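Protein chains in written order, with full-length UniProt numbering: chain P, 1 to 298; chain V, 1 to 298; chain D, 1 to 298; chain W, 1 to 298.
Just to be clear, a hint being listed does not mean it is correct.
Rough simulated footprint, nothing fancy, chain W against chain D, three-plus residues with beta-carbon under 8 angstroms [unchecked claim]: (1) 33 to 45; (2) 87 to 95; (3) 173 to 184; (4) 187 to 200.
Below 30 angstroms or equal to it, Euclidean Cα-Cα: the simulated DSS-like pairs (lysine-lysine) are [as the list claims (entries may be wrong)]: (5) Lys86(P) / Lys86(V); (6) Lys212(V) / Lys131(P); (7) Lys188(V) / Lys86(V); (8) Lys82(D) / Lys285(W); (9) Lys86(V) / Lys285(V); (10) Lys210(P) / Lys285(P); (11) Lys188(W) / Lys259(W); (12) Lys210(W) / Lys131(D); (13) Lys86(D) / Lys188(W); (14) Lys212(D) / Lys82(W); (15) Lys82(W) / Lys86(D); (16) Lys82(V) / Lys206(V).
Simulated from the structure, these hints should not be mistaken for lab results. As the structure is a computational prediction, the values presented were derived from the model and not from experiment. Glycine included, C-beta positions come from ideal geometry on N, C-alpha and C.
The residues making up each chain are set out below.
Protein chains: 4
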Amino acid sequence: MIINGVAIDDTYAEAFGMKATRILITADTPAWARHAANAAFGFATSVIACGCEAGIERELSPEETPDGRPGLSGLLFAVSTKELAKQLERRVGQCVLTCPSTAVFAGCAGEEQLPLGRNLRYFGDGWQMSKVIAGRRYWRIPVMDGEFLAEESTGLLRSVGGGNFLVLARSRAQALLACEAAVAAIRKVPGAIAPFPGGVVRSGSKVGSKYKALPASTNDAFCPTLRGGVRSELTPEVEAVLEIVIDAVTDADMRVAMKAGMAAVCGLGAEAGIVRLSAGNYGGKLGQFHYRLREILA
Amino acid sequence: MIINGVAIDDTYAEAFGMKATRILITADTPAWARHAANAAFGFATSVIACGCEAGIERELSPEETPDGRPGLSGLLFAVSTKELAKQLERRVGQCVLTCPSTAVFAGCAGEEQLPLGRNLRYFGDGWQMSKVIAGRRYWRIPVMDGEFLAEESTGLLRSVGGGNFLVLARSRAQALLACEAAVAAIRKVPGAIAPFPGGVVRSGSKVGSKYKALPASTNDAFCPTLRGGVRSELTPEVEAVLEIVIDAVTDADMRVAMKAGMAAVCGLGAEAGIVRLSAGNYGGKLGQFHYRLREILA
Amino acid sequence: MIINGVAIDDTYAEAFGMKATRILITADTPAWARHAANAAFGFATSVIACGCEAGIERELSPEETPDGRPGLSGLLFAVSTKELAKQLERRVGQCVLTCPSTAVFAGCAGEEQLPLGRNLRYFGDGWQMSKVIAGRRYWRIPVMDGEFLAEESTGLLRSVGGGNFLVLARSRAQALLACEAAVAAIRKVPGAIAPFPGGVVRSGSKVGSKYKALPASTNDAFCPTLRGGVRSELTPEVEAVLEIVIDAVTDADMRVAMKAGMAAVCGLGAEAGIVRLSAGNYGGKLGQFHYRLREILA
Amino acid sequence: MIINGVAIDDTYAEAFGMKATRILITADTPAWARHAANAAFGFATSVIACGCEAGIERELSPEETPDGRPGLSGLLFAVSTKELAKQLERRVGQCVLTCPSTAVFAGCAGEEQLPLGRNLRYFGDGWQMSKVIAGRRYWRIPVMDGEFLAEESTGLLRSVGGGNFLVLARSRAQALLACEAAVAAIRKVPGAIAPFPGGVVRSGSKVGSKYKALPASTNDAFCPTLRGGVRSELTPEVEAVLEIVIDAVTDADMRVAMKAGMAAVCGLGAEAGIVRLSAGNYGGKLGQFHYRLREILA
Chain P
1 MIINGVAIDD TYAEAFGMKA TRILITADTP AWARHAANAA FGFATSVIAC GCEAGIEREL
61 SPEETPDGRP GLSGLLFAVS TKELAKQLER RVGQCVLTCP STAVFAGCAG EEQLPLGRNL
121 RYFGDGWQMS KVIAGRRYWR IPVMDGEFLA EESTGLLRSV GGGNFLVLAR SRAQALLACE
181 AAVAAIRKVP GAIAPFPGGV VRSGSKVGSK YKALPASTND AFCPTLRGGV RSELTPEVEA
241 VLEIVIDAVT DADMRVAMKA GMAAVCGLGA EAGIVRLSAG NYGGKLGQFH YRLREILA
Chain V
1 MIINGVAIDD TYAEAFGMKA TRILITADTP AWARHAANAA FGFATSVIAC GCEAGIEREL
61 SPEETPDGRP GLSGLLFAVS TKELAKQLER RVGQCVLTCP STAVFAGCAG EEQLPLGRNL
121 RYFGDGWQMS KVIAGRRYWR IPVMDGEFLA EESTGLLRSV GGGNFLVLAR SRAQALLACE
181 AAVAAIRKVP GAIAPFPGGV VRSGSKVGSK YKALPASTND AFCPTLRGGV RSELTPEVEA
241 VLEIVIDAVT DADMRVAMKA GMAAVCGLGA EAGIVRLSAG NYGGKLGQFH YRLREILA
Chain D
1 MIINGVAIDD TYAEAFGMKA TRILITADTP AWARHAANAA FGFATSVIAC GCEAGIEREL
61 SPEETPDGRP GLSGLLFAVS TKELAKQLER RVGQCVLTCP STAVFAGCAG EEQLPLGRNL
121 RYFGDGWQMS KVIAGRRYWR IPVMDGEFLA EESTGLLRSV GGGNFLVLAR SRAQALLACE
181 AAVAAIRKVP GAIAPFPGGV VRSGSKVGSK YKALPASTND AFCPTLRGGV RSELTPEVEA
241 VLEIVIDAVT DADMRVAMKA GMAAVCGLGA EAGIVRLSAG NYGGKLGQFH YRLREILA
Chain W
1 MIINGVAIDD TYAEAFGMKA TRILITADTP AWARHAANAA FGFATSVIAC GCEAGIEREL
61 SPEETPDGRP GLSGLLFAVS TKELAKQLER RVGQCVLTCP STAVFAGCAG EEQLPLGRNL
121 RYFGDGWQMS KVIAGRRYWR IPVMDGEFLA EESTGLLRSV GGGNFLVLAR SRAQALLACE
181 AAVAAIRKVP GAIAPFPGGV VRSGSKVGSK YKALPASTND AFCPTLRGGV RSELTPEVEA
241 VLEIVIDAVT DADMRVAMKA GMAAVCGLGA EAGIVRLSAG NYGGKLGQFH YRLREILA
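Kindly generate the complete structure, drawing on both the sequences and the hints.
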């Protein structure tokens with residue numbers, strides 16, 4: 001399969017079931033909502049050492065938020081409900097509760113609920129008050145700029161993490177620009193985030209390592225500088241490979257996001273130095289979701 | 001003491017000795033260096049639950065960086081050398097090593113050193129190579145977009161965390177704008193960061209709580225909505241209080257940063273709704289650094 | 001009429017028929033499309049001395065653009081077709097043709113057409129080539145980074161300019177924050193822009209002046225510092241007034257945009273220092289469009 | 001001359017004497033100062049059809065501004081004192097006077113002065129007031145958010161416009177990234193701006209055209225798509241050329257800025273796809289300033 005000169009590998013991305021939630025952050029201005037979100041969803045590129053993967057899903061106009069103020073929605077993904085609850089509480093407690101003028105709301109329903117204001121309320125030292133509106137409980141916690149309003153809890157979502165594709169290009173500059181276009185496309189898809197810095201990762205890894213303590217190490221088959229010494233996956237014209245990792249609320253969202261991202265790369269095409277699209281998998285035994293590139297792009 | 005109509009409380013900020021380091025992140029473009037830094041220094045508002053406090057110190061032009069590329073310097077602060085080393089390794093490993101085109105360098109000397117590339121090098125699975133230039137060791141770790149260059153280690157600094165001042169205003173909007181001006185002033189001071197979201201915190205806390213498990217809780221004396229029911233520090237015209245917390249490399253940097261921030265607030269003055277400047281302390285027994293507001297502004 | 005403590009004046013905004021067009025700018029990355037747009041739509045706050053009013057309408061994902069690249073749509077408004085054509089050619093010629101990697105496309109149909117690539121093509125000095133795809137003509141103009149692709153022409157729209165509302169607040173800080181929220185809401189409305197800096201104007205004007213050469217001068221009735229000396233429209237608690245001016249593709253777009261903006265201000269409400277909403281008009285004799293605030297908010 | 005694999009042409013940039021000025025814009029927050037500056041210095045890429053070339057020189061902390069508020073300095077360049085005065089008045093009148101919370105000050109001394117507040121004051125319709133502080137006159141013009149403070153006049157500078165260099169690369173993506181690095185370097189140089197969108201121009205031009213009405217047209221010798229049909233300056237491996245145009249307050253500033261920009265490109269080097277640096281000139285007869293690339297980089 002070749003699109004606009006770009007070869008599409010006959011392979012698949014292997015993704016995993018993850019626990020997730022969506023929260024809404026509002027503030028007096030869009031800038032303050034972003035300050036809170038950038039802090040809360042920072043250091044959240046990979047569940048391996050960050051505890052969760054997180055990011056801004058989209059900006060919300062005042063008409064779209066529960067309190068009629070500017071805001072945004074964010075998504076957090078973790079490997080277990082317990083870890084997700086821990087990360088959610090810490091990140092909202094350290095980065096939203098602390099941020100001037102913000103409030104936080106559930107961004108999704110769900111039979112199972114994760115505490116949002118439920119535990120944070122104790123910061124109010126007994127002065128917190130609850131109110132129930134239309135069957136939903138909110139906490140009003142006194143702080144120095146007024147009150148921090150936090151909904152009692154937010155829904156738990158059964159989601160998909162680790163969807164991905166690899167962009168193989170003639171130069172790093174071309175890989176970077178193609179990935180910027182792809183990330184711009186993915187950002188427009190509801191229900192999906194690209195959690196790595198700028199949405200892109202360059203340190204693809206393989207399972208295992210020659211060092212016992214390390215469960216993963218550099219994916220030598222995709223490292224251009226190692227082409228001479230390892231069994232490489234790279235043809236001579238490929239000088240750089242970048243990967244876009246996607247977490248999505250649903251399997252359908254993942255397909256839409258992967259398609260949008262790959263289509264953006266193919267749109268630039270061979271003329272822009274793009275050689276091939278591939279994907280990362282582990283032989284299909286670890287993740288229950290397989291996303292075949294050619295099927296998604298068909 | 002009154003400056004431009006703003007009353008300066010006769011009090012002091014109580015700050016703490018902290019361990020810190022400076023690192024330099026470079027990339028092919030300024031935007032990619034910022035992507036790495038925003039991820040690495042995110043979720044780092046308070047050592048209490050984030051492990052460290054961190055932020056961008058300043059942007060660096062290509063002429064100012066070790067590899068002649070655009071970059072920036074960042075500062076990380078933690079309560080112990082061990083925790084600082086752990087946070088540094090994790091954050092650089094998850095957010096700089098992973099970020100397209102970046103390299104990382106020591107940003108300060110020091111008799112004691114913290115590992116930078118020393119441990120991250122193992123990601124190279126044996127293909128990493130070291131080179132020594134002018135007495136400093138660097139690691140070249142093969143990744144998909146070429147090589148991740150990481151200096152062996154970076155210096156440990158004995159620094160100061162928790163400098164602060166409180167802005168008391170007639171309205172939240174006025175407090176917010178004054179704090180934006182203060183943060184802009186502090187950002188221009190080398191050796192200092194304001195780690196909270198947008199540089200500002202609204203959830204000032206006191207030591208202790210009526211709930212045993214909680215070591216700290218809302219600073220009721222500074223909460224405007226509690227004025228009727230507690231022993232308040234707020235006069236009737238104060239409707240909002242915001243705090244700026246500063247971490248600085250040296251005691252001198254802290255003084256410069258606090259002065260710059262407070263002067264910016266006083267520059268807007270009573271006309272802009274600013275009533276008073278105060279500061280947070282714990283009676284002087286916890287922190288070894290005391291910053292008297294009037295002395296700094298004298 | 002009072003909404004969330006904010007009084008809504010029983011008045012109307014007087015707006016004018018204007019000539020307009022929409023263009024689409026694409027580039028290799030979203031950042032380069034924005035560079036072109038920020039230049040092309042800069043210095044375009046008021047037709048009086050800028051020649052046109054212009055702004056970014058919204059960002060477009062690669063899936064939404066004619067060439068599958070990241071981009072954005074922009075709107076330009078002028079008082080006559082001739083002036084609009086002149087401004088369009090100059091601004092695209094100086095700021096899009098010159099900007100690395102960009103292309104420009106018609107963003108609307110229309111029986112009447114304005115030249116887009118038609119005149120710019122001559123920059124190609126004879127090497128330009130045209131191609132017709134699906135009945136639309138495009139020009140390929142050789143430049144140093146490849147080719148500048150420009151559609152032959154874009155549609156002329158009969159639109160509405162000068163919709164507006166005034167935000168009266170207890171302090172400038174509160175007026176500013178409310179307007180930021182309003183502008184965020186208006187930015188989400190297709191077919192509308194707020195052309196002044198940051199979307200807001202503080203120099204409201206009245207027709208006429210004591211100086212013969214000046215056709216307009218400061219709207220003294222709304223200047224808080226003149227309250228003692230003129231017939232003021234301001235009650236004592238109002239210390240600042242800001243105006244949001246809106247240009248819209250259709251009358252319906254204007255109503256949606258005005259409603260979104262005013263609702264955002266009312267959402268913050270009296271608690272955030274907002275006293276009143278009013279609007280600017282000239283007695284109804286100059287502009288053919290009248291937007292009654294209470295009707296729009298009903 | 002070869003630096004890091006990049007060939008430096010033995011040629012020079014030909015630049016012109018221009019009239020210029022520096023102004024300082026302050027506001028309640030850095031964001032509002034930027035809003036004003038982005039509007040005032042927009043549509044200012046080339047004197048040919050924009051009237052002036054302009055841009056933000058650097059951000060100023062509250063400590064660096066006349067009124068102790070956040071701000072920035074901007075530079076404007078034009079071909080004559082008369083045109084500069086006209087552009088300055090229009091742009092400040094439409095984009096700074098109108099922008100919430102701003103003030104404007106002279107940013108340079110000079111025997112000759114350009115009107116700043118001198119003419120804008122009439123907007124005050126007789127209510128404007130002047131005050132003289134330390135020998136400098138300021139105007140206080142009543143507006144809806146308080147008063148617009150504008151210094152009477154600003155200094156006229158005899159400056160240099162049109163310094164430039166050309167980046168020849170193996171691909172457009174590589175040329176773009178190298179230019180981003182160069183622009184980041186130039187932004188750190190006081191007294192210099194790069195007025196084109198994002199600091200870069202891709203539509204290099206030659207004097208003259210086969211169309212009589214056009215004084216300039218595409219620089220065919222540097223267009224990669226024309227290589228087969230014209231007397232090309234491009235070797236086969238060059239697929240894209242971008243130019244950085246610089247305006248500077250003094251000849252010395254120009255040299256520093258050109259050096260910073262070219263050094264940044266060379267820092268990325270041949271490995272990043274950069275082939276050659278060249279420069280634009282007209283045979284040396286039009287512009288009185290000649291900047292030899294090799295001399296600057298020596």
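Can you name, in rising order, the numbers of the hints this structure does not satisfy?
8, 13
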